[in-house]
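Peer 1: Sequence:
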Amino acid sequence: MCWDDCKIEEDRNLEQLQNGVANLKYLRCDRMKLEQLPPLTNTLTIIYCSANRLKALPPLNLCLNLTYINCSYNQLTALPQLNECVNLMKLYCHNNQLK
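In terms of full-length UniProt numbering, the sequence shown has 73 at position 73, counting the first letter as 1, and numbering is strictly consecutive.
To be clear, the hints were calculated from the coordinates, so they are not data collected in a lab.
Treat each hint with caution, since some may be false.
Below 35 Å or equal to it, Euclidean Cα-Cα: the simulated DSBU-like pairs (lysine-lysine) are [what the hints assert, rightly or not]:
#: 1; residue 1: Lys25; residue 2: Lys90
#: 2; residue 1: Lys33; residue 2: Lys55
#: 3; residue 1: Lys90; residue 2: Lys55
#: 4; residue 1: Lys99; residue 2: Lys25
Keep in mind the model is a prediction, meaning the values are calculated, not measured.
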């Protein structure tokens, strides 16, 4: 099964996303109480994961097409390496515990 995007709005108490969405381009999982994200694919271009309980993001070195990340309002203490995300245009990471 190939999905171009995944938008989960019905269950705001979701605490975990499943692996295996190989062709995902757009991930919107804000305000879900998530504690972690599954491994992300190189087809992903946009991530909205704000207002969760994330303490870390998965490695993003394979996400070469990534253009936008909103990971604000989580519990992040650090960000993964972003130097290979050469297409990244916007990064929102405020209201975390970044050092």
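Peer 1: Flag every earlier hint the structure violates by its number, smallest first.
Peer 2: none
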